[in-house]
Amino acid sequence: MANIPSMSLNDIAARLDAMLAAPDTALAATASQRADELLALGEAILEIWLAARGETPTMRVVEGFRLLALHRQGARGEPSFNACRETCRELVYHHNLVRLEPAHTDVARRLRLGAMVARHLQLFIGGKLEVAGLGEFCCSSRPLRQHEASAQPVANV
Amino acid sequence: MSGKYKQVAYYPGCALEGTGHAYNRSTKELGKALGLDVVELKNWNCCGAMEVKNVDPKLQTYLSARNLSIAEAMGFDTVMAPCNGCYHNLKKAEYDLANDPASREVTDQLSRKAGHETYKAGKVETIHALDWIKQAIGEDGLKARVRNSLKGLKIANYYGCMYTRPRHIFPEKDRGPGSESTWKPHFMDDLLAAAGAENVEYPLKTACCGGAHTLSDSDTSTKLVLNLLTTAEACGADVIATECPTCHTGLEMHQVRAEKVFGRKTTVKILYFTQLLGMALGLSARKVGVPENFSASSDLLRARGLG
Numbered sequence: 000m001a002n003i004p005s006m007s008l009n010d011i012a013a014r015l016d017a018m019l020a021a022p023d024t025a026l027a028a029t030a031s032q033r034a035d036e037l038l039a040l041g042e043a044i045l046e047i048w049l050a051a052r053g054e055t056p057t058m059r060v061v062e063g064f065r066l067l068a069l070h071r072q073g074a075r076g077e078p079s080f081n082a083c084r085e086t087c088r089e090l091v092y093h094h095n096l097v098r099l100e101p102a103h104t105d106v107a108r109r110l111r112l113g114a115m116v117a118r119h120l121q122l123f124i125g126g127k128l129e130v131a132g133l134g135e136f137c138c139s140s141r142p143l144r145q146h147e148a149s150a151q152p153v154a155n156v
Numbered sequence: 000m001s002g003k004y005k006q007v008a009y010y011p012g013c014a015l016e017g018t019g020h021a022y023n024r025s026t027k028e029l030g031k032a033l034g035l036d037v038v039e040l041k042n043w044n045c046c047g048a049m050e051v052k053n054v055d056p057k058l059q060t061y062l063s064a065r066n067l068s069i070a071e072a073m074g075f076d077t078v079m080a081p082c083n084g085c086y087h088n089l090k091k092a093e094y095d096l097a098n099d100p101a102s103r104e105v106t107d108q109l110s111r112k113a114g115h116e117t118y119k120a121g122k123v124e125t126i127h128a129l130d131w132i133k134q135a136i137g138e139d140g141l142k143a144r145v146r147n148s149l150k151g152l153k154i155a156n157y158y159g160c161m162y163t164r165p166r167h168i169f170p171e172k173d174r175g176p177g178s179e180s181t182w183k184p185h186f187m188d189d190l191l192a193a194a195g196a197e198n199v200e201y202p203l204k205t206a207c208c209g210g211a212h213t214l215s216d217s218d219t220s221t222k223l224v225l226n227l228l229t230t231a232e233a234c235g236a237d238v239i240a241t242e243c244p245t246c247h248t249g250l251e252m253h254q255v256r257a258e259k260v261f262g263r264k265t266t267v268k269i270l271y272f273t274q275l276l277g278m279a280l281g282l283s284a285r286k287v288g289v290p291e292n293f294s295a296s297s298d299l300l301r302a303r304g305l306g
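Protein sequences appear in the order of chains A and B. Per numbering that gives the first Met the number 0, the very first residue in the first sequence carries number 0; after that it's consecutive. Per numbering that gives the first Met the number 0, the very first residue in the second sequence carries number 0; after that it's consecutive.
FYI, nobody ran anything at the bench for these hints, they're computed from the structure. All C-beta atoms, glycine included, are put in the ideal place defined by N, C-alpha and C. Don't take every hint at face value.
[Unchecked claim] A short, non-exhaustive set of chain A residues, derived as facing chain B with CB atoms under 10 Å:
hint, residue
1, Leu49
2, Ser79
3, Thr86
4, Val116
With the hints as extra help, turn the sequences into a complete structure.
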């Protein structure tokens, strides 16, 4: 696993942009390392979300991947977080695809698609963090003003 | 044709009467072309979408229960909702009414106050427009009716985030062969492939479109949509097929905004799956509302002999 220091979402976005802009030959030459880097960047993104919530990111794994364990941790008590569940799984899939066939003729494209998936995760988490103080993000969110709703029984509305 | 879902109650919801009118039009025309009937719910109300849910989820449950109650009173055991938000909320209400006594109590109170029968869980099945076509007609039935094959058209199928989430409100999904998957939905892929399209492997088919951000933080929405669009293009797609009016409008509007604000132009077209299937059956582009879309796809469609 690549060693990813503590980074901001902007740092992560810059790393992903660099990977997307890299020539095919450069990506192909370091395919396995790049695949690990993608996974580590995904973990770093979720760590930022967890740290913002005051939690210690887990070191556990789910189905062999820490990224999936971090997602599960991040979604606890936050149903709308599941909107990035498949994005995390797609990132794992692209990592595995490259790792299994690092010499595949399509490996550069596969890495770029993986980077686009990671970018979606970065944008999604960025959006969630931005509105964290203002309200929930997604349509399947918990009620924003649950306490108000419970204070005023609906039958009296 | 199996005969199942040949006639269903139809709940268009607010979006299909506004920005999603092309989806409303194409859904009805597609049904007509396939010999399927839809009967619109009388005096339906808003499903509560995200606004009511965020303020008072039990009131939202009641709003959906009222629509289900109308379907039952009209003699239907199935209601079809093409909008992901409406579909999601009807399914959620069904789940809550089956599992949450407090939701049942509030729904009963409000139903009596409003003067209609209280809806009881299990009386009416909620289906999406995808379930409707898939189960009533199926891939073989579609293939037999195709007049203008979508052959050569590369499509990224985009389902959005509400069609499969949360998993527990969709007990009919993930039941093995023939059922829809919440991990990797495929009903739209199956139907468009039956009409001749070439589906591309699209890794963001259930990723967030940033719909809820549109008003509060447009730049985040635009960036999320731009990533959906550029990824679809990287996958080789000519078209993104949609099955949700909110996602569809978001993709169209932020495609324009991405070019205006960030200088990023994308050329992938955005069409409802009902429009694509309708044109495959020989309906004109006008008939299925293509000129009503914001995304200008006429040149592409003409070049492919569609519409």
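Does the CB of threonine 86 of chain A sit less than 10 Å away from some CB of chain B? Holds. Min distance 5 Å.
query = Do the numbers back the hint for serine 79 of chain A, that is, is its least Cβ distance to chain B under 10 Å?
reply = This interface hint holds because 9 Å falls under the 10 Å limit.
Worksheet entry | Interface hint outcome for leucine 49 of chain A [beta carbon to chain B under 10 Å] | Status violated, d = 19 Å.
Does valine 116 of chain A hold up as a contact with chain B if the rule is Cβ-Cβ below 10 Å?
5 Å, holds
Hint compliance for this structure: hint 1 is the single one not met.
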